[in-house]
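Number of protein chains: 2
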Amino acid sequence: MEIKERILSKAEALFWKFGTRSITMDDISRDIGISKKTLYQHFTDKDDIVYQVIQYRMDQNRENVSCRLATAQDPIEEILLASELMRQYLAEMNPALLIDVQRHYPRAWEICTEFKEKFLLESIRSNLKRGIEQGLYRSEIDIEIMARLRVELIRMAYDTDVFPRMLAGMKEVQIQLLHHFVRGILTEKGSIIYNQYVQQYQNDPAFSPK
Amino acid sequence: MEIKERILSKAEALFWKFGTRSITMDDISRDIGISKKTLYQHFTDKDDIVYQVIQYRMDQNRENVSCRLATAQDPIEEILLASELMRQYLAEMNPALLIDVQRHYPRAWEICTEFKEKFLLESIRSNLKRGIEQGLYRSEIDIEIMARLRVELIRMAYDTDVFPRMLAGMKEVQIQLLHHFVRGILTEKGSIIYNQYVQQYQNDPAFSPK
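As they're listed, the protein sequences go chains V and D. Per the UniProt record's numbering, numbering through the first sequence is continuous, rising by one, with the last residue being 210. Per the UniProt record's numbering, numbering through the second sequence is continuous, rising by one, with the last residue being 210.
FYI, nobody ran anything at the bench for these hints, they're computed from the structure. Heads up, some of the hints might be wrong.
Each pair may be met inside one copy or between any two copies, as identical chains are not told apart.
In silico lysine-lysine, BS3-like type, Cα no more than 30 Å apart, as pairs [what the hints assert, rightly or not]:
#1 K46 <-> K171
#2 K46 <-> K118
#3 K189 <-> K129
#4 K118 <-> K171
#5 K4 <-> K46
#6 K171 <-> K129
#7 K4 <-> K116
#8 K116 <-> K17
With these hints in hand, go ahead and build the complete structure from the sequences.
Listed below in structure tokens is the structure:
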């Protein structure tokens, strides 16, 4: 791993654990065992590190999602796999860190918004389009409305105003919302295939619809 | 109509049209053609009128919904009718007025929140429970999660952050979200009945799934 990538990976771990605000350039260089001079050769300041850490993470996520989805047999398996990956990413994230970035690092936050708006929304649009073409999703659905609904459902599962924490685990909320969403768009042909995946994944708790 | 109800009805019309802030006690008494003294016999101040207008409106809505739903044959027709009523109420409301009330009349806003949290949420829970008992909705759905999802979907259709206004009419968004929600919870038996309602209502644009 080249030095820059090593710095990003270590800085990310520090931010994840302690948030961005309490971590200084000194902390980062000490933790990696490099001089501050070396650190400043690669990054202009902490803002720059936060920005590049977020960019690095989103690039990684995008790449992982693309690799994983290439193995899907059809749009239905794709949406199930993609949702599970998103769930994993979001579970690993420290929500306090995201709020921190949103409040204090607008440039870095823009990358998160872009990930959601461009990559996520575009992937779902494409999935819905192919699903309709293959006769798996109903042709009456409005792709734009349904794609935006799905993005919002991913966010909503974490919204304690909508789903107070005591009711059910976040994971249960996400899984219910995912399977409800998919069932709501399926044709009869799609339902048969969907039920096969539910059977196939039934021992995998990540995919269980209940 | 007794005088108090007449005041509430006129004040409501004024608020709907001009918002609450620009309307004074003078405007209200002048518009109704009563003295300010008479107005103050029934209401302590404008806050009191706003509060009672909202309460009156929510009571009316609750009563209308209950009457209308008593005609439904089963939980599926009930959810279709109820959603259409909610859509009508929200379409009649001036969004600027709601924001006004939320910001400046916390006591009145509490009635709106209570309508949403208690009446709406409780009605949907009850609908889902009966639908499951009658074999129309899948028994695997989590009633609490799905009820809160449905309340949030009603709100979401008006959220221009989620559905930018240029994309589709609000009505189209609401109808797509409603029918997607219902399809997502149906059993096979429920699907047959649902499709009959879609057929039956197909010439009624309010119910058309597309």
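Q: State the violated hints by number, sorted upward, taking the hints as numbered earlier in the document.
A: Violated: hint 1 alone.
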